[in-house]
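Participant: So the chains spell out like this:
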Amino acid sequence: MEQVTINLLNGLSYGMVLFLIASGMSVVMGAMNIINLAHGVLYMVGGYVGWTIAVKFGAPFALGLLTGGLAAGFTGLVIERGFLRHLYKQPNEQVLLSFGFVYILTNLSLWVWGGWPRMPFTAKVLSGSIEILGRAYPKARLAIILIGVILAIVLWWLQDKTRVGAMVRAGMDNKEMTMGLGINLERVFAVVFFVASFIAGLAGVLGAQLLGVYNALGLEILLLALIVIIVGGVGSVQGALLGGILIGVIDAFGRALFPKFAMFTMYFTMIIILLVRPSGLLGRRA
Amino acid sequence: MKKLILIVLLLAILVPASVAFGAPGKPLKIGAVLNFTGPAAMLGPLFKNGIVKALEENNNQVAGRPIELIVEDGATDATVCLEKARKLVERDKAKIIIGPLMGDAHLAIAPYMANKKVLITTLYCGDIKLGDYRNWLTYPTTLVGLTLPLGWYAHDSGYKTMVMITSDYAGGHGFMKGVRMGFEEKRGKAVQEVFVPVGTADFGPYHSTLKDADCVAFFVPNTAESARLITQYREFGVKMPLLGTTLAADLPQAVMEELGDNVIGVRGQAAYIWSRDDPVNNQWVEAMEKRFGRTPGGLENNSYCITSAILAALKATGGDESFDRLWRAVVRVQLATPQGPLSFTPEGIAITDGYIVEAKVINGKYVWDPIKVYPQVLDPRLVK
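Sequence lines, in order, name chains A and B.
Using our numbering, you'd call the opening residue of the first sequence number 719 and step up by one each time.
Using our numbering, you'd call the opening residue of the second sequence number 157 and step up by one each time.
Looking at chain A on its own, in the form it has when it is part of the complex (with noise of 0.2 Å):
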């Protein structure tokens, strides 16, 4: 039971992580139909800054938390201001304009950082363990949870409750309809690609907690947020929620229960709902 039990926390810790990264860019895929690449690397650019400030200055992990926030989101909003919004309806230029960024940010966070992994690190009162079931648990893990929670929570409230969410949701169904009725959707779009980048690098300085920071992780975690998105679908943060939490648990139990094949339990996920709901579990049909 207790083995159960640890390995949903486990699950839901790294699923959650998966859920932040994979929200934003599966949004703007949706919304504004950019394959954005360098959306792993913003995640690493906010893990970077956040280490930064927490650890080397010694600031609070909550300062940490926002200013890697704000340096994703700033970067992506000029990736975005300064280059993808002029290929808009063009997938390919999208696709090697974006993959472009991340070679250049990756090697700029090595000039910058150095090339040795940064470790994982946690706000003071979130390191050490607590028991559940007689076992000892990290307490950074369940903060992950929680904040992922939180964050799933607003974002769902932005997207469905909002006027800007509306306006982004329409933007989705029908843009020149949108834009007819007055919307600058253009600035929309600008302000969503700001939020969605900023998700990244809250999610990078979370999942610091779990993974440190090292200038590979860009690559590695676009994968990831790929698998989610296609598993949950794309355009919606209940898909990636979703989507998220089911790949996190799944691969929490392949790698518990069987060792092995812990590399292919994810791909194998994502092939079954491909095969069965090619859309995603929750993605906006066309």
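Please note that the accuracy of each hint is not assured.
Residues of chain A placed beyond 12 Å of chain B at every Cβ, according to the derived structure [what the hints assert, rightly or not]:
| hint | residue |
| --- | --- |
| 1 | Leu784 |
| 2 | His804 |
| 3 | Leu805 |
| 4 | Tyr806 |
| 5 | Val813 |
| 6 | Leu814 |
| 7 | Val843 |
| 8 | Ala854 |
| 9 | Lys857 |
| 10 | Ile865 |
| 11 | Leu869 |
| 12 | Ala888 |
| 13 | Phe912 |
Derived SDA-like pairs (lysine to any residue); straight-line CA-CA distance at most 20 Å [claimed, not checked]:
| hint | chain 1 | residue 1 | chain 2 | residue 2 |
| --- | --- | --- | --- | --- |
| 14 | A | Lys842 | B | Gly393 |
| 15 | B | Lys367 | A | Phe976 |
| 16 | A | Lys774 | B | Lys521 |
Hints were generated in silico from the structure; no laboratory data involved.
Virtual Cβ for every residue (Gly too), placed ideally from N, Cα, C.
Starting from the known structure of chain A, arrange chain B on it as the hints suggest.
Facilitator: This is chain B only, laid out in the frame that chain A set:
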């Protein structure tokens, strides 16, 4: 006639002058394939420092021939390593190549290098099969030879049972095979072997399924994974003693400081320790700190020792880099190195000391403190 006398006079002046100033021989090219980009990008500069230091100690020449070092970026990619090695051989005409690092690159390059009769080296161990080619210098030893002492040490510490966490790729299997061989040779028993994929982000699920044993031994392939494994091992409150492999190379001092108390008490195998008190080592560490402004680690040591061995062989051949003469000379090299005494088997596999270290704080610094030495370790399969 006057012209002839003039020529003779000119020659009389020029020839002794050239002899007096030591006319340089044809440059001797040494190639190196190191990683400056990709996941192992941080390792390339360190390996390069070791090579540069060894060359500088010889004034960048050997037997009157100036040495030209040509460094290529292998990008932590076997295909790129092969391309760069081919470039070094075919365009630059290098007959000696240092590196690459990764085992998959060794396998990709080996047949080509054997065909071209190029002397080539590993940078951090290699599979025993490289010895079959008889053109590879495998330093500091084979994968198995490197970690064998950890198995012996586990037994010597009174442990009877062991859980093994092994990174699931050829190198990982090789390293942990050494631990198992050493432990089982002394009648220890491995009760569980957990294979984890390369690049594992979350070790939590594995830690929660470990069986009870006297100790846990592990190999994961890089700094980020080693650090995560140790941190998460502590977070999950696993109490069994943790024994690691390739520790000093994967977790240098700066990384240990970030790991903090989590790393204290971890013991394991290390190929080189900068803090080992030995006159040759002390002098080298001081010289490296002066030259590069940082305390050297196992990576600098490896490339330094390999380069020093090649230079010693070149001195023995009088600067002749033709393969057959150079190979015969290099496997006979015996050196006192910062790592300890160095010699080679006829297959080109280095025989070096094996160290066991423990993470401690000494004088306010996190260090790998050498606690046991297993002298001149040889892969037992070579003895047979």
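Participant: Among the hints numbered above, which are violated by the structure, and what are their numbers in rising order?
Facilitator: Violated hints: 8, 9; rest satisfied.
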